[in-house]
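For this one, chain A is given, so just place chain B on it according to the hints.
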Amino acid sequence: MFNATLARTARRAAILALFVALPALAAALKADPAKSKITATFKQMNVPVDAAFRKFDARIAYDPTKPETSKADVTIDVASFDLGDADYNKEVQKKEWFDTAQFPQARFTSTSIKPAGAGKLDVTGKLTIKGKTTDVHFPMTVARDGNAESFDGTLPIKRLSYDIGEGEWKDTSMVADDVVIHFHVVAAP
Amino acid sequence: MRRYAERYTLPAIVLHWLIALLIIATFLLGLTMVNIHGLTPAKLKYFSWHKWMGVTVLGLACLRLLWRLTHRPPTYPDTMAGWQKNAAHAVHALLYVLIFAVPLSGYFFSLAAGVPVVYLGLVPLPVLIAPNPALRPLLEHTHYLLNMTLLAVFCLHVLAALKHLLIDRDRLFQRMLP
Numbered sequence: 001m002f003n004a005t006l007a008r009t010a011r012r013a014a015i016l017a018l019f020v021a022l023p024a025l026a027a028a029l030k031a032d033p034a035k036s037k038i039t040a041t042f043k044q045m046n047v048p049v050d051a052a053f054r055k056f057d058a059r060i061a062y063d064p065t066k067p068e069t070s071k072a073d074v075t076i077d078v079a080s081f082d083l084g085d086a087d088y089n090k091e092v093q094k095k096e097w098f099d100t101a102q103f104p105q106a107r108f109t110s111t112s113i114k115p116a117g118a119g120k121l122d123v124t125g126k127l128t129i130k131g132k133t134t135d136v137h138f139p140m141t142v143a144r145d146g147n148a149e150s151f152d153g154t155l156p157i158k159r160l161s162y163d164i165g166e167g168e169w170k171d172t173s174m175v176a177d178d179v180v181i182h183f184h185v186v187a188a189p
Numbered sequence: 001m002r003r004y005a006e007r008y009t010l011p012a013i014v015l016h017w018l019i020a021l022l023i024i025a026t027f028l029l030g031l032t033m034v035n036i037h038g039l040t041p042a043k044l045k046y047f048s049w050h051k052w053m054g055v056t057v058l059g060l061a062c063l064r065l066l067w068r069l070t071h072r073p074p075t076y077p078d079t080m081a082g083w084q085k086n087a088a089h090a091v092h093a094l095l096y097v098l099i100f101a102v103p104l105s106g107y108f109f110s111l112a113a114g115v116p117v118v119y120l121g122l123v124p125l126p127v128l129i130a131p132n133p134a135l136r137p138l139l140e141h142t143h144y145l146l147n148m149t150l151l152a153v154f155c156l157h158v159l160a161a162l163k164h165l166l167i168d169r170d171r172l173f174q175r176m177l178p
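Note that the protein sequences, when read in sequence, are chains A and B. Per our numbering, residue 1 is the first one in the first sequence, and the count goes up by one each step. Per our numbering, residue 1 is the first one in the second sequence, and the count goes up by one each step.
Chain A on its own, in the form it takes in the complex (with noise of 0.2 Å):
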């Protein structure tokens, strides 16, 4: 009698979870993997190259309708970084570039989205890379593609500001200071 009120109860606390947990389950977002993209261009002697991290974990809650609302958490898994060639990459795990070791990962945490336009949002959060967190500003598009959102932007940073390339690679003329971060995150519910 004692239990079976109990598990009345019980059921009926979790039915009263689900539809609070609802409308916040609804905008939550995760990348697609296979369809999203994080590259950075940066220059070297004058030469833009492109390399990608291969692994990330991007976490978006976007309501169309609220956009204000919205929260991004990306996670960059940095030793996954890929100048196209093997050598290289084990040479940028190093504790004068990204020091993956010690910090293995990257991140951006949204603190406000607010919507500017149609499709457009202005982002500002804090990027954190190698331990190094700086507050960062850029635009970012969102458009529906099936039942996910696709989000594209353009981030620019200072590699120094994080300290990534040390001692003799300080030298900007041999890597420019100035990165781009460029993403394309597909995700869907």
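Since the hints were made in silico from the structure, they are not lab data. Every value quoted in this text rests on a predicted model; they were computed, and no experiment measured them. Hints are supplied without guarantee of correctness; some may be wrong.
[Claimed, not checked] Below, computed lysine-lysine pairings styled on DSSO-like, alpha-carbon distance capped at 27 Å: (1) B:Lys43 - A:Lys94; (2) A:Lys95 - B:Lys43; (3) A:Lys170 - B:Lys45; (4) A:Lys90 - B:Lys43; (5) A:Lys158 - B:Lys163; (6) B:Lys43 - A:Lys130; (7) A:Lys158 - B:Lys43; (8) A:Lys90 - B:Lys45; (9) B:Lys43 - A:Lys170; (10) A:Lys43 - B:Lys43; (11) A:Lys114 - A:Lys66; (12) B:Lys45 - A:Lys94; (13) B:Lys85 - A:Lys95.
[To be verified] Examples of chain A residues lying across from chain B (beta carbon under 8 Å, computed): (14) Val47; (15) Val49; (16) Glu91; (17) Trp169; (18) Met174.
Backbone N, C-alpha and C define an ideal beta-carbon position, used for all residues, glycine too.
What follows is chain B alone, placed relative to chain A:
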């Protein structure tokens, strides 16, 4: 006898020695840079310089070919055996092919590796092919083999020139001296 004293024109002589010196320097720099382990600023610098020098060779090779197509080079002395003339023609033809093929294979190797060439760090040169991980090792190997062929043909060329200078003493060598 007068005919043997016929010389190459000044542009031909200048282009010959300029290309020769540049090829030797580019070749040696290429060997040096690929033997640097890991990733160092010097290595990246050498790679860029090597590419700029290679592109310069390619440009000079175009001028050289233009000159060759619009001028008749001095003929060989009659004292040279027929097979020697044929061999000389073959070696020269091969050298002409290689001064184009070697820099071009390097250029496409760089593009396949996803690194376009920006001449002197100022002029972005055409990106004719997209980065291609499958083609990359193939072009790397081609660039290497063409260089080894060039080294072999270069040795033949130098040995033959020295033979004319020191053994035959037929003043053939002097025709290409400034």
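Identify whether the interface hint at Trp169 of chain A stands, where standing means a beta carbon of chain B within less than 8 Å of its own.
-> Check passed: Cβ of Trp169 of chain A comes within 7 Å of chain B, closer than 8 Å.
Keeping to a limit of 27 Å between CA atoms, is the pair of Lys43 of chain B and Lys94 of chain A held or broken?
-> 17 Å, holds
Holds or violated: Lys158 of chain A to Lys163 of chain B, with C-alpha atoms at most 27 Å apart = 60 Å, violated
Status of the hint placing Glu91 of chain A at chain B (closest C-beta pair under 8 Å) | 4 Å, holds
Below or equal to 27 Å on CA atoms is what counts here, so check Lys45 of chain B against Lys94 of chain A.
-> Cα-Cα ~20 Å, so holds.
Given Val49 of chain A as an interface hint, is the shortest Cβ-Cβ distance to chain B below 8 Å?
-> At 6 Å from the nearest chain B Cβ, Val49 of chain A passes the 8 Å test, so the hint holds.
Proposed proximity, Lys130 of chain A with Lys43 of chain B (alpha carbon, max 27 Å) = 25 Å, holds
Is Lys158 of chain A close enough to Lys43 of chain B, meaning Cα to Cα at most 27 Å?
-> 23 Å, holds
Given hint Lys95 of chain A paired with Lys85 of chain B - CA-CA distance at most 27 Å = Roughly 61 Å between the alpha carbons, so the hint for Lys85 of chain B and Lys95 of chain A is violated.
Would you check the hint for Lys90 of chain A and Lys45 of chain B, treating anything up to 27 Å between C-alpha atoms as holding?
-> 20 Å, holds
Holds or violated: are the alpha carbons of Lys114 of chain A and Lys66 of chain A at most 27 Å from each other?
-> Judged against 27 Å, a Cα distance of about 10 Å means the pair holds.
Decide if the proposed pair is consistent with the structure: Lys43 of chain B and Lys170 of chain A, CA atoms, cutoff 27 Å inclusive.
-> 16 Å, holds
The earlier numbered hints that this structure contradicts are 5 and 13.
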